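2 protein chains.
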Amino acid sequence: MSINDIFKQPIKVVNTGLASFQTNLETAGAESIQVNWRPPAEVSKESILLMEQFRERTDRANAEAMRIILSGKPVLIGMGKALDYIPGMRGDLILHSGSPVTWDRMCGPTRGAIMGALIYEGLAGSIEEAEVLAASGKISFAPCHEHASVGPMAGIISASMPVFIIQNETYGNLAYCTLNEGLGKVLRYGAFSPEVIEKLKWMEQVMYPILKTAIEKLGKIDLRNIISQALHMGDEVHNRNRAATSLFYRIITPAIVETCENKPDAIKVLNFINGNDHFFLNLSMPASKACLDAARDIPWSSIAVVMARNGTDFGVQLAGTGDQWFTGKSPVPDALFFPGYTKEDANPDIGDSAITETLGLGGFAIAAAPAIAQFVGGTAQDAVRYTLDMYQITAAENPLFQIPSLNFRGAPAGIDIRKVIEKNITPFIDTGVAHKNPGVGQVGAGVLSAPIEPFRKAYEGLAKTMKAG
Amino acid sequence: MSINDIFKQPIKVVNTGLASFQTNLETAGAESIQVNWRPPAEVSKESILLMEQFRERTDRANAEAMRIILSGKPVLIGMGKALDYIPGMRGDLILHSGSPVTWDRMCGPTRGAIMGALIYEGLAGSIEEAEVLAASGKISFAPCHEHASVGPMAGIISASMPVFIIQNETYGNLAYCTLNEGLGKVLRYGAFSPEVIEKLKWMEQVMYPILKTAIEKLGKIDLRNIISQALHMGDEVHNRNRAATSLFYRIITPAIVETCENKPDAIKVLNFINGNDHFFLNLSMPASKACLDAARDIPWSSIAVVMARNGTDFGVQLAGTGDQWFTGKSPVPDALFFPGYTKEDANPDIGDSAITETLGLGGFAIAAAPAIAQFVGGTAQDAVRYTLDMYQITAAENPLFQIPSLNFRGAPAGIDIRKVIEKNITPFIDTGVAHKNPGVGQVGAGVLSAPIEPFRKAYEGLAKTMKAG
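Those protein sequences? They're chains A and B, same order as listed.
Per our numbering: the first sequence = residues 1 to 469.
Per our numbering: the second sequence = residues 1 to 469.
Any given hint could be a false lead.
It does not matter which identical chain is used: a pair holds within one copy or between any two.
Claimed, not checked - With a cut-off of at most 30 Å between alpha-carbon atoms, the simulated BS3-like pairs for lysine-lysine come out as follows:
| no. | residue 1 | residue 2 |
| --- | --- | --- |
| 1 | LYS201 | LYS467 |
| 2 | LYS423 | LYS199 |
| 3 | LYS263 | LYS212 |
| 4 | LYS329 | LYS45 |
| 5 | LYS73 | LYS464 |
| 6 | LYS212 | LYS185 |
| 7 | LYS212 | LYS268 |
| 8 | LYS220 | LYS423 |
| 9 | LYS73 | LYS329 |
| 10 | LYS199 | LYS457 |
| 11 | LYS436 | LYS423 |
Just so you know, the hints here were simulated from the structure itself, not pulled from any lab data.
Model, not experiment: these values are computed from the prediction.
Starting from the given sequences, assemble the full structure and let the hints guide the process.
The structure is reproduced here in structure tokens:
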């Protein structure tokens, strides 16, 4: 066939370049498909060779990591004060989300929430005092993740705060998380006004004892089962927790009624949970953490066990690289902003909540929760596409966490950072957006793709351990 | 181009015949699409001509019917005893599902449930006595639908039974339904053993006063809002009501806690609702009924306002034909049977629950609840296909009841029986399956396409009113 004959035929185009090429073809009426291909992310030649040399060994380590991660069974077993339960907690220690960060590099919302926590603890009498104390060196800061904990947004945990205690029943390890404060002015978004502190005090003094007693009455609550059902009910348990919160509420309510003698307080607690469809987020996060922590310290494994953001840096930890953090600049999310706010107001992405994506929930399971895509201006098909993309960078599918619209296919689980680098596709994350200044709070909600930098560094870091043998 | 040239080209086939033709083409590797086309159902030439002559007039009447149906706002406003509230209710009257049917033509489950109700009411001391009394002529029978009511499966309502009172706030009309009994041996599936009667008595004496008081405390509960949310959460509110039941539970619980002084009873009621994900079915049914009843008696309209089965006949009523019933033989559903049962054991399709499909929920919205298709051996894609088919026979889309996987398209609403006949596609219905013998109970759950016969008769019946002018 001569070249002229070819152009007499209808042409079908396979486009591996920019998606905008395809758009032009479509406009012109040509039949085309878009291949989602990008050149690999830039990493050193030496790392690539090491990764190739030890590919099978890494594959075996990853299989072991995934066996552990997917067989985890997170259950809520109780509540307690942070000081009494979180390993290494102290009165002068404040835990925050993401990787380690010094006061001078902390973002506005984290600073705001720390100042609020110092007032809440009675360590400072005013915001001015709190700011001086925080910068004085008398207060230590550490990542939640280094204390078996997670926190949404600023993720602040101080000594007196009540926390959920989650156990991975299969492996015995524990994880902790504070109670979700609800919407409006809240500490996790960096707000610290008197109403914020007052609500935290009510949660500590009224809500916590009631919930604690109800959980004791029940013995335990199976969080894996709730998450599993919630994915069949429109949640991805990161930015949408309406179903999971409802199912948790159904379980806890009879126990609250049975054990709480103060009826008005019981009703207030019920209405507090009812008024906050995100209540379950502070359970889906430590549930994810408990599953992933069990797979730490598996040499050679390229599976991510943490993705977390402190509002300045985006941090990653791998099963195969111990406690090492690999970080890069945290991006500002694409978001739908509340009236009066724009991207100019937005803080870079923040919070430990990306632990849900690390397990294969949240943005990875967004096809199960198309309402989230719709909320930020996308379609249900976009949501499916995001989830399908995530299968390209994951090591397994989770048979217990299913995507109904993909005919109940298991959600993509276990980020293999080799695939992230080779395919140059980074994890897709659902997120809330905080104002960049302390004391303001939430200004929007959105989605983002993780930056490539921390994954590049993680790739090099893992290669280094291979070289060392 | 000569005929020989055509066969040198890749062939694309449009198949309007049996779907199995396409399967063969696919097997052979040929590109083909299936047109879902069937010859129209057989109706008289005269009716077709009348329907054609008055097409625009019917279109206008249907537009009015759909305006009324889609603007209905069903709210739960209270509870009461059937005798005190249901119009025309009497101590010697038993209401049943579907169209009118005499004792001698009644199916096993309906007979079983009627005998159970006579014992429950204290009108008979044993099943033998109940059977004699039921056949004696001293007890009257009438369809729920003719008394502003609906009932699932056998749909039995007797004088002492407590009922939900639903008001269509927009138009003021009321609808009634009993409380859902849960799973296992239950009256609605024709069971009548002492445990069945005992549970009904507990529901009347303990649960009803508690729920009634809680609803009074709340004033009203917006059912349209709950259904709207539930469709975003994996329910179609016929065979799947987990989300709707959860949302209802979240609303009613604080009011139960506040108003009920007997804690153990309050807990029993909470656990009863918790233990029965179908609890909301007995609210989605009268909610649908309240919306559709407002559109009765609109001359010329070909919109169905009732589809209901008494276990012997499948009945249809239209907006344009007053109280007339159009009936045909009720089919046995395709179902997944519980262990030990087969299609041989199954009663023909039964219950008023197809009122949900009549409004555009249930099988019409099954794409929102793919778990139902999966349960009966289908795929999520099957569920989407069923819903897409229903757009072909409906007059409108309901902007408040959306299908997430169809990018939040409004559910197909308002069955235009002209389209049913012209396209020869009958409504798709989700259903439970009762044993054909009295006293056994549920043996499975499944799906079915309505029989064409009642729609053919309805078409002829509507044409007759056109002829009369």
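We went through each hint and held it up to the structure:
In the homo-oligomer, the alpha carbons of LYS201 and LYS467 never lie at most 30 Å apart, since the shortest distance is 52 Å inside one protomer and 75 Å across protomers. When the C-alpha separation of LYS423 and LYS199 is checked against a cutoff of 30 Å, the pair qualifies neither within a copy, at 46 Å, nor between copies, at 60 Å. For the identical chains of this complex, LYS263 and LYS212 are neighbours both inside a copy (16 Å) and across copies (20 Å), given an alpha-carbon limit of 30 Å. Taking CA atoms no more than 30 Å apart as the test, LYS329 paired with LYS45 passes inside one copy only; the shortest distance there is 24 Å, against 75 Å between copies.
In this assembly of identical chains, LYS73 and LYS464 lie within 30 Å of each other by CA distance neither inside one copy nor across copies; the values are 33 Å within and 65 Å between. Taking CA atoms no more than 30 Å apart as the test, LYS212 paired with LYS185 passes inside one copy only; the shortest distance there is 25 Å, against 37 Å between copies. Taking CA atoms no more than 30 Å apart as the test, LYS212 paired with LYS268 passes in both settings, with 15 Å inside one copy and 22 Å between copies. Taking identical chains as interchangeable, the C-alpha atoms of LYS220 and LYS423 are never at most 30 Å apart, the minima being 41 Å within one chain and 55 Å between chains.
Taking the shortest Cα distances, LYS73 and LYS329 never come within 30 Å of each other, neither inside one copy (33 Å) nor across copies (51 Å). For a Cα distance limit of 30 Å, the shortest separation of LYS199 from LYS457 qualifies neither inside one copy, at 41 Å, nor across copies, at 64 Å. In this assembly of identical chains, LYS436 and LYS423 lie within 30 Å of each other by CA distance neither inside one copy nor across copies; the values are 32 Å within and 59 Å between.
In summary, the structure is inconsistent with hints 1, 2, 5, 8, 9, 10 and 11 from the numbered list given earlier, while agreeing with the others.
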